[in-house]
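**Student:** Residue strings, one per chain:
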Amino acid sequence: MDNHDFEVWESTEKAVLAAGEQQVADTHQSAVEVLKTVIPEEIDSLEICVQDAESDFMLLGIGLRTVHANVTELTELMLGTVKRMGSDTQGGFLDRGRRILNESMAEIQARQSEVKANLDRINALMHDIEKLHTTSKQIKKFAKWLKTVALTMLVENARTIDRSVNIFSDVAQEIKDLSLNISNIANDVYKNVEKAQGVHSITREEIFTGISRLESLTNRIRATVQESTHDTEELMRFSVDIIEESGRRSRAISLEVAEIVVGVQFHDNMKQRIVNVTDILDDVLSAPELNGHLDASDKDTIKNPASLIIRAQADKLDSINLELDSVYKTNRIALKKIQGEVDDLLQGLRPMLPDEKGFQSNTFTQDPFSHLKDALTQLHDLLHRGEALYQQIQKAADQVSDIAADLSKLLGIVRSISADTHNKAINSIIAANREGEKGGALKLLAQAMNDLATQSDGFSSEVEDIITSIIFAAEEISRKDNKETNQTDDQNSAITSLSTVINDLSMEYENFRDSSLAAYNRAKELKKATDTTLASLEFFNGLSRKIIEYRDRLIDTAQGPEQKALLLSVELENGAHVPGKHAADQPNNIILFEEAKRTIRENGDITTLDVTLSDNVELF
Amino acid sequence: MGQTIMVVDDSTSVRKMVAFTLENAGYTVVEAENGLDALEKLNGSPVNMFIVDLNMPHVNGFELTRSVRAMDQYRFTPIVMLTTESLEEKKREGKAAGATGWITKPFKPDQLIGVVKKVMPEA
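Protein chains in written order, with my numbering: chain A, 1 to 620; chain B, 1 to 123.
Treat the hints as calculated values from the structure; they're not laboratory data.
Selected chain A positions facing chain B (Cβ under 10 Å, derived; list incomplete):
hint	residue
1	Val262
2	Asp268
3	His577
Note that the Cβ used here is the ideal one computed from N, Cα and C, for glycine as well.
Build out the structure end to end from the sequences listed, making use of the hints.
**Tutor:** See the structure below:
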């Protein structure tokens, strides 16, 4: 190679080198320009994005507060309502209602037994009156026979001319008079008995009708009381279920709320991590290589390719986005679970409410005590009817007593007549015996008269027994009636106070219904709040799209070869604090220092410190 | 309960979640955006416990803890740090500043209430 050639080569080489240098310079300049254009925009976007996202996270927090407030109020409302119903404690209105139902049932049963016992007594009385009626008929017949005997004796005496047997004429005349007396007395007895019978047959008729009405009424009351008992027990079971359900749901919702509380805090984590990204991007912008302020000291600083630095920030955004997605999914699942619990809660409360068509066809829309109130009204009625019947019985018994007193007087006369008839008959038999054959017919008649007198004794004893029995039965009824009247007064006052209690219970039931409706409306509010909060989660998707967009922009920026060639005096990490993975329940995320123990000791309570918090607790 | 807890955090979302958790548990909450705001609001008022973030503008969590501990009224008042920091070195620094405990964010409501109940005896 000659000098010329060498010069050409040298100048060419210089030209090539100059061109290369120029190219490098151009590349450097281009890389710097890209960074100077993209990075400020990126920093602005990220800062605005974090700032804007805060209001969205706050809205989620507000939604959560609303959901939680509704859940708390609903749970308290339901528990308060159920507590007032008293299914879990003594003294609640269902418990009182149950006691009243039992007392009412016992009262109704006692009332029915009384009615039956009175029916038996009335029947016994009527049986005695029937017997007296039969006996008085027989006495009348006896008087007729006696009269016949006396008339026959008079006829027989008239046929005999012998004056010595005139005694028969006198005796026969006396017997005839006696028979008339007996007949009159028997008629009186018969009439009195018929009168008593007439009174009693009407009374008995009415009593029988009344008693059968009372029996059917009692059965109806028993049925309504049983219905009330059934409804009350159903309501109690329902209330116990509500307690268990609301407790379980409240706990389930609280667990989900805790997840969302953690989710809302992600903004703080994300903000610090994005600030770290923007700080490093700021470092890039401030790098001397970008600003042409290189000095000697910059020679010793660690230099990293711009592409690597920017790519590292893109990766951080990617990591933030992945966690954002995870937080979104956790929150969505939590809110979906709350939504499910709320739907079930609404479903559970539905039996307390009128259905959509406005019909009261649901299980608990009917006051369980309405049947009982009806039963009590009927019980009132029953007592009034019973009282009227007792008064009728009382009146009849009084009449029977009067008749029995008259009969007692008549009984004395019958007895004296009977004794007199005996005497006359014996005298006649003696006289007839004296007459021998002539007195044969008269002797037979005197014998018959004696037999009739003996029969009369039997009637007297029988009538006496019947009258004693009637008087006893009448007195018994009278005594019972007085007792019943007193009992009725007591029962009326008891029923009145019972009615008051039942009305109070019904009012409590109404309150229970109102509270249930309030709980249902609260549950609907809760559903609305849950739906709104769930819908508010959509901001996560928008935020994610933005972060991906910013990440992609950084990746695009880092991809050019000029960024690989551009070395910057910027470290990959600036040493600032960057939060770790956003997760609660991390090991050792809660620590109480020794100082805490001392502080607690100063305040006089060391025992609480022994309670284990969780695996996350660390005590130094 | 009626006990008052001061919550100091520059993150509104965290502050609101702490307030939400504590208020639900029956505590009264006073919020402050940073250490300076806390000191201004404190002003000798009765506070039974502090929950303090670490990284805050103006006066950070350590500085606030030291300032509060210097006041006779709050010498034994529990101060719990609530922060995303989890470095042992920082925890030691917190302990030295007078903190009672350390909770790394994020917290779960039952964890926070558990700590509050442990360090703050009921009135």
